[in-house]
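> Chains as they are written, first to last, in the working numbering: chain V, 160 to 285; chain B, 2 to 498.
These are calculated hints, taken from the structure and not from any lab test.
The C-beta atom is built at its ideal place from N, Cα and C for all residues, glycine as well.
Example chain V residues on the side facing chain B (calculated, C-beta under 7 Å, incomplete):
1. Tyr175
2. Ala176
3. Ala177
4. Ile179
5. His186
6. Ile187
7. Glu190
8. Ala244
9. Met245
10. Glu248
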Amino acid sequence: MRKQNVVVDGVKKEVYAALIGAELWVHIDGETRLLDMRPKKKSTGTGGAGSSNEIHSPMPGRILKVNHKVGELVKERQVLVVMEAMKMEYSLESPCAGVVEFVKCSEGQQVELGQLLVRLKPSEKK
Amino acid sequence: MARRIEKVAIANRGEVAVRIIRACQELGIRTVLLHSSADTQTLAYRLADEKVLIGEPETAKSYLNIENNIHGALSAGADAIHPGFGFLSENGDFAEACEKTRIQFIGPTADSIRLFGDKISAKNLVQKIGGPTIPGYDGIDQSDEVLIQKMKEIGLPVMVKASGGGGGRGLRVVREIEQALPTIQAARREAKNAFGSDQVFLEKYLDRAKHIEFQIFGDATGKVYSLFERECSVQRRHQKIIEESLSPALDDVLRRKMSKVAIEIAETAKYRGAGTVEFLLQDGEFYFMEMNTRLQVEHPVTECVLGIDLVKAQILTAMDQGLLWNENELVPRGHAIECRVYAEDPYKNGIPSTGPLHFIHLPHAPGRRFEIGVEAGDVISDYYDSMIAKVIVWDESRYRAIRKMKETLKETVFFGVKTNIPYLQAILGHPQFVDGKMTTRFIDEFFPSGLKEKDFNSQNAQLIDQLKNTSGIGLTGLSVDSKEQKSNSPFFSRGQS
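Bound conformation, chain V alone (with noise of 0.2 Å):
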């Protein structure tokens, strides 16, 4: 890959620039800067985001330590699962206080990123 002139209002710009899947990698102004090339949709709950009661796998790895069971009371921001990746360890935390109300995922299991691990019912508000 070469380095590509740009010229954008009058000034001139070296980038890389490269479409890998659906991400457009681009490295401009000393930056690397990934972009989603995908049509804009609502989230579908990948990569960690999705919504407020569900624990996703924030990137490929192994599961170590499962420490809830279905049907236990948690509170915000305890820790439900601990997994491993590169060798270092990671806490996923509850996003809200509630019950457990399933676990899809066991000790010792490789999961991908965005992988559904725990959802909770979240608690009443009061």
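Use these hints to put chain B onto chain V, whose structure you have.
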């Protein structure tokens, strides 16, 4: 009498495997790469003269498996093993297994590794020679109750650390006693995973200290050299991010004092080969932290300011040969900085980013050095550490070295996995770093939640639109063919694959 080494087995992977292979090539020594099944698409695999598969991707089944590594080395007829850093590099049993099978372990003796690997004996040795140590606990009684009691005695903040290894792994800080139990449990798991032993130790946490370490080297005659210091205060979760040599925090008096302690520690242990004595420096007082009995990730900054080659020195020493430098020549010149490039999302608090690397551009120029273990088209896997490259610069002064690093990183491009380069740039531009005043709390203080992605300025937004839609540079013309990338890579010559 000098010992012959004609074939070195490399019990490691990634950039350090490449570093060792290059050193061997330059010394006319053949190399055998001991690799896992996940590591056949790597630069080390392409460069090594021979390859031996030693197991599955999980580190416990390959890179941490002593038997597999020894068998691999023997099967290829290697007469020495270089363990690199991490994995088995500080495992006394591994060094001993090498000694028993008459494979030369390129590093210190198993006894030295055990002496310094055991935090109690290391501390005892330092206290014996009158060196300063930090209060802590590393008893055999590892019950929750005892550990928590000891934490209270030492006084918070206290850190919990893997007894089995150096580096940042399995190391956590307890600031409130409620965190004690979960922290101990997490540290045990991480320690077990990384080093195969879940033993932990406690130590008073100095909260505004600088991390200063001295590179030492014991040659084949038993003489120990101090190769000056490195400062590695910029750490996140106790993992180093930026290192430099010399440290802006030491004056000559303090430098001599610390250097003397480092040499005495190594001499007392009759230490041989490359080692690093780590200190914490706070309010003008320094404390021995630990001694790492191996090559360090950040060894290149020392090499740059002294004009030496530590890996070759290790190999020569293993061959009972003399070194090419002497004390009078060891005068540091200029300043060197290393930045570790991690495959992670800088805007999502550093969560790992894995997958195929489609494109790499490394802007070579005088005073810049790149250590990397992959080429475009290779895949960054989630089985291993996220450090994919090291960028090292040397210039005549610290200020110039910082400028050079910033310029270098501006032109360093990785497409396919995200990297911490924007984060490195932010750190390099921070006034406290520029002033050389950073402590090990630097990241927690100034970048507690990572980095926030900036919006494009209007000019670039316009350009991006143009790129997205476009006529000027059609996207089809820009799309990546990783095969083509490999041959067009501006840096790497292709080995066999």
